[in-house]
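Engineer: Protein sequences, first through last, are from chains A and B.
Sequential numbering from 13 applies to the first sequence in the working numbering.
Sequential numbering from 440 applies to the second sequence in the working numbering.
To be clear, the hints were calculated from the coordinates, so they are not data collected in a lab.
There may be inaccurate statements among the hints.
What the hints assert, rightly or not - Straight-line alpha carbon distances no greater than 20 Å define the calculated DMTMM-like cross-link-like pairs of lysine to aspartate or glutamate that follow:
#, chain 1, residue 1, chain 2, residue 2
1, A, Lys143, A, Glu90
2, A, Lys88, A, Asp155
3, A, Lys78, B, Glu624
4, A, Lys78, B, Glu626
5, A, Lys405, A, Asp346
6, B, Lys627, B, Glu577
7, A, Lys209, A, Asp237
8, B, Lys545, B, Glu492
9, A, Lys78, B, Glu492
10, A, Lys143, B, Glu526
11, B, Lys609, B, Glu626
12, A, Lys19, A, Asp155
13, B, Lys598, A, Glu224
14, A, Lys143, B, Glu492
15, A, Lys50, A, Glu90
16, A, Lys405, A, Asp377
17, B, Lys598, A, Glu370
18, B, Lys598, B, Glu556
19, B, Lys545, B, Glu624
20, B, Lys598, A, Asp100
21, A, Lys290, A, Glu266
22, A, Lys405, A, Glu327
23, B, Lys598, B, Glu577
24, A, Lys290, A, Asp306
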Amino acid sequence: MKPSSLKGTLVGAMFMTAVTALLLTGATMTVYEFSAYKQSLARHLASLAQTIAANSSALLVYDDQKVAQEVLSALKSEPAADAACFYDQAGRLYSAYPTNLAAGNFPVFPGPDGLRFSRLYLTIFQPVEEKGARVGTLFIREDLRGIYRRLGIYVSVVVVVMAGSAALALLLSTFFQQRITRPVLALAEVARQISQKKDFSVRADMGVSAEELRLLKEAFNEMLDRIHQRDVALQQAQRQLQQYAADLEARVTERTQSLEETTRQLYDFCYSVAHDLKAPIRAQVAYARLLLDDCGERLGPEGTTYAERIQAAGERQALLVNDLLAHVSLSRSDLPMAAVDLAETAENVRADLRLELERQGAAVDLSGVRGTVMANPASLHLILINLLSNALKFVPRGQQPRVRAWTEPRGEFLRLWVEDNGVGISSQYMDKLFGMFQRLHTREEYPGTGIGLALVKRATERMQGRVGVESQEVQGSRFWVELPAAAPLQNSGTTPDDRVEPIHKMSV
Amino acid sequence: MPLPPTHLLIRRLTFCAVWLLGVLTPGSEASGQTSREYEIKAVLLFNLARFVEWPTNAFPSPQAPLVIGILGRDPFGPLLDEAVAGEVINGHPVLVQRYSSLAQVKDCQILFIGVTESGRARDVISALKGRPILTVSEISGFTQQLGGMTRFYVNEQNKIRLRINLQAAKSEGLSISSKLLQVAEVEKASYLWGQVHGDSQ
Numbered sequence: 013m014k015p016s017s018l019k020g021t022l023v024g025a026m027f028m029t030a031v032t033a034l035l036l037t038g039a040t041m042t043v044y045e046f047s048a049y050k051q052s053l054a055r056h057l058a059s060l061a062q063t064i065a066a067n068s069s070a071l072l073v074y075d076d077q078k079v080a081q082e083v084l085s086a087l088k089s090e091p092a093a094d095a096a097c098f099y100d101q102a103g104r105l106y107s108a109y110p111t112n113l114a115a116g117n118f119p120v121f122p123g124p125d126g127l128r129f130s131r132l133y134l135t136i137f138q139p140v141e142e143k144g145a146r147v148g149t150l151f152i153r154e155d156l157r158g159i160y161r162r163l164g165i166y167v168s169v170v171v172v173v174m175a176g177s178a179a180l181a182l183l184l185s186t187f188f189q190q191r192i193t194r195p196v197l198a199l200a201e202v203a204r205q206i207s208q209k210k211d212f213s214v215r216a217d218m219g220v221s222a223e224e225l226r227l228l229k230e231a232f233n234e235m236l237d238r239i240h241q242r243d244v245a246l247q248q249a250q251r252q253l254q255q256y257a258a259d260l261e262a263r264v265t266e267r268t269q270s271l272e273e274t275t276r277q278l279y280d281f282c283y284s285v286a287h288d289l290k291a292p293i294r295a296q297v298a299y300a301r302l303l304l305d306d307c308g309e310r311l312g313p314e315g316t317t318y319a320e321r322i323q324a325a326g327e328r329q330a331l332l333v334n335d336l337l338a339h340v341s342l343s344r345s346d347l348p349m350a351a352v353d354l355a356e357t358a359e360n361v362r363a364d365l366r367l368e369l370e371r372q373g374a375a376v377d378l379s380g381v382r383g384t385v386m387a388n389p390a391s392l393h394l395i396l397i398n399l400l401s402n403a404l405k406f407v408p409r410g411q412q413p414r415v416r417a418w419t420e421p422r423g424e425f426l427r428l429w430v431e432d433n434g435v436g437i438s439s440q441y442m443d444k445l446f447g448m449f450q451r452l453h454t455r456e457e458y459p460g461t462g463i464g465l466a467l468v469k470r471a472t473e474r475m476q477g478r479v480g481v482e483s484q485e486v487q488g489s490r491f492w493v494e495l496p497a498a499a500p501l502q503n504s505g506t507t508p509d510d511r512v513e514p515i516h517k518m519s520v
Numbered sequence: 440m441p442l443p444p445t446h447l448l449i450r451r452l453t454f455c456a457v458w459l460l461g462v463l464t465p466g467s468e469a470s471g472q473t474s475r476e477y478e479i480k481a482v483l484l485f486n487l488a489r490f491v492e493w494p495t496n497a498f499p500s501p502q503a504p505l506v507i508g509i510l511g512r513d514p515f516g517p518l519l520d521e522a523v524a525g526e527v528i529n530g531h532p533v534l535v536q537r538y539s540s541l542a543q544v545k546d547c548q549i550l551f552i553g554v555t556e557s558g559r560a561r562d563v564i565s566a567l568k569g570r571p572i573l574t575v576s577e578i579s580g581f582t583q584q585l586g587g588m589t590r591f592y593v594n595e596q597n598k599i600r601l602r603i604n605l606q607a608a609k610s611e612g613l614s615i616s617s618k619l620l621q622v623a624e625v626e627k628a629s630y631l632w633g634q635v636h637g638d639s640q
């Protein structure tokens, strides 16, 4: 349904009300007038008939046609009475008026006494009595065409008056509806402006005639006041919040700066300590070797053992200090990034580890490694060396280490897998694996500093990468490293997922 | 105009035929014609009681009968008795009494004086002076020279008509309805004046 305008609805309602009232009034008045006129006609005819009948007893009794004619001629003053006659005591038609009227206009015998309306006529049979004795009957017929004519005139007058009144009602309703619609439309206009300009300081200030509209306007303005207040409060709160956020930001920045400074100082301290430790350790190892080489006989078997121990501890200490230095370096220095070919780096690492590989008789398959990543070449080298070393290291004694590495694309990243046939990692240690100095085995079982995987993690993270492991105890581990891909890479074609079912998955 | 139902037509035709028979048959059934005339006259006589108001002293009591007396030869036979049978006017049952002499006339409201009394009519009327009795007769000159109150006569159209001497009725305290006067011939005032004048002598 098409929504109609307030104005149209109001005008329509008022107009229809007026027209309905007019119609009802007109119809009622017409019906009332008609029936009232009929009744008055009937009363008039009845009294006329009574009067004539009361004076006609003698002429009927004494059978005087002439007088009868005279009496009936009195009806000349009654133009509507177009036929009248007497019936004698025996019910015979006695005298007719007017005499020239066709006999068919008079009933042959008197009908029942009283008035009767038919479509065209009002008729009456009036008994003629004298001293209680009935001596005859008077019949008078009145033509109703006059009343119909009169009714027609009446109806036309009513219709004309109604048309005039309806036009006036339309005019008045058009005038009065403005008193309602003008304020409402003004209110709507204010609301529209507000919703367009979002300015809640606007107020409705039109003149209103009706009390309800005044209330509406006041309520509307009050609502606007509230909204305005809330708006202001909201803006204040927002400003405050922004202030807080800015303050917080500043404080965080400040704190971060101070933390970074502290960390940097700490790294600097670590670095200088580790660096300064290198010389004495090297001296310690060198002197221990000199002691063994030059004074071996003099030390005796016991002294030789001690010196050997000093040398081993020193060498281990040197390794530790080296790893520490590497870790600290990774953390404190900028890592310039470049597109690095993974296959080349992997081959370089294999070359670096050639001696160890040959010693262990290990089988290393790097055929699945391809593609280019955005990385710091030295750090990537460090990562690969650590992962491969680890893969070779944790193999049960007497077993040939088999290592396989390959790459697969992961969205914008390239994932490098390194799979070994080592002892694997128990699930309870998975979350500790990449921490500093976390060793899962005794130094005697598998030598190492406990920094390797921490280095891997640190290096990967500084290059916006991720590191993780899937492992199944006894059956080996699969480490992975994800780094941003430098160029689109063709699918390597080989996925190891169908060969090894991982039990634990972990991402660090 | 639609024709009336057949039985009505037949009835009307029959009525016309009977009436024609009565009118066209000359001299025949003179007694039949007479009895028809007196049948009507009996009704008219009795109906006079409806159009005349008597003074209260005319009746011994409110329930007393209204007596129609006949003095002299009775032309009605049983017709009048039939006409008044069971009739009650203004609470008075109507009775018919026949008198052979004036002396017998006592509580009587209408007195019909037969033609046999033509010679004594004047005396009878004078004798009834002071008594509220409506006198009726067929004797010619009854309402004029004789001073009677009402007289039946037959006019040129062969209709039975009334002549009324209003003054005579009034002088006895009788009032005659204007309705009746409308259908009757009222005696001229000039004559009545003379009558009154004559009476006063």
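Engineer: All hints are to be evaluated individually against the structure, with a verdict given for each.
Structural biologist: Evaluation of the provided hints:
no. : hint                  : result
1   : A:Lys143 <-> A:Glu90  : violated, 28 Å
2   : A:Lys88 <-> A:Asp155  : holds, 14 Å
3   : A:Lys78 <-> B:Glu624  : holds, 13 Å
4   : A:Lys78 <-> B:Glu626  : holds, 19 Å
5   : A:Lys405 <-> A:Asp346 : violated, 31 Å
6   : B:Lys627 <-> B:Glu577 : holds, 19 Å
7   : A:Lys209 <-> A:Asp237 : holds, 16 Å
8   : B:Lys545 <-> B:Glu492 : holds, 19 Å
9   : A:Lys78 <-> B:Glu492  : violated, 25 Å
10  : A:Lys143 <-> B:Glu526 : holds, 11 Å
11  : B:Lys609 <-> B:Glu626 : holds, 13 Å
12  : A:Lys19 <-> A:Asp155  : violated, 52 Å
13  : B:Lys598 <-> A:Glu224 : violated, 92 Å
14  : A:Lys143 <-> B:Glu492 : holds, 11 Å
15  : A:Lys50 <-> A:Glu90   : holds, 16 Å
16  : A:Lys405 <-> A:Asp377 : holds, 16 Å
17  : B:Lys598 <-> A:Glu370 : violated, 178 Å
18  : B:Lys598 <-> B:Glu556 : violated, 24 Å
19  : B:Lys545 <-> B:Glu624 : violated, 29 Å
20  : B:Lys598 <-> A:Asp100 : holds, 16 Å
21  : A:Lys290 <-> A:Glu266 : violated, 36 Å
22  : A:Lys405 <-> A:Glu327 : holds, 18 Å
23  : B:Lys598 <-> B:Glu577 : holds, 14 Å
24  : A:Lys290 <-> A:Asp306 : violated, 24 Å
Checked against the numbered hints given earlier, the structure breaks hints 1, 5, 9, 12, 13, 17, 18, 19, 21, 24 and satisfies all the rest.
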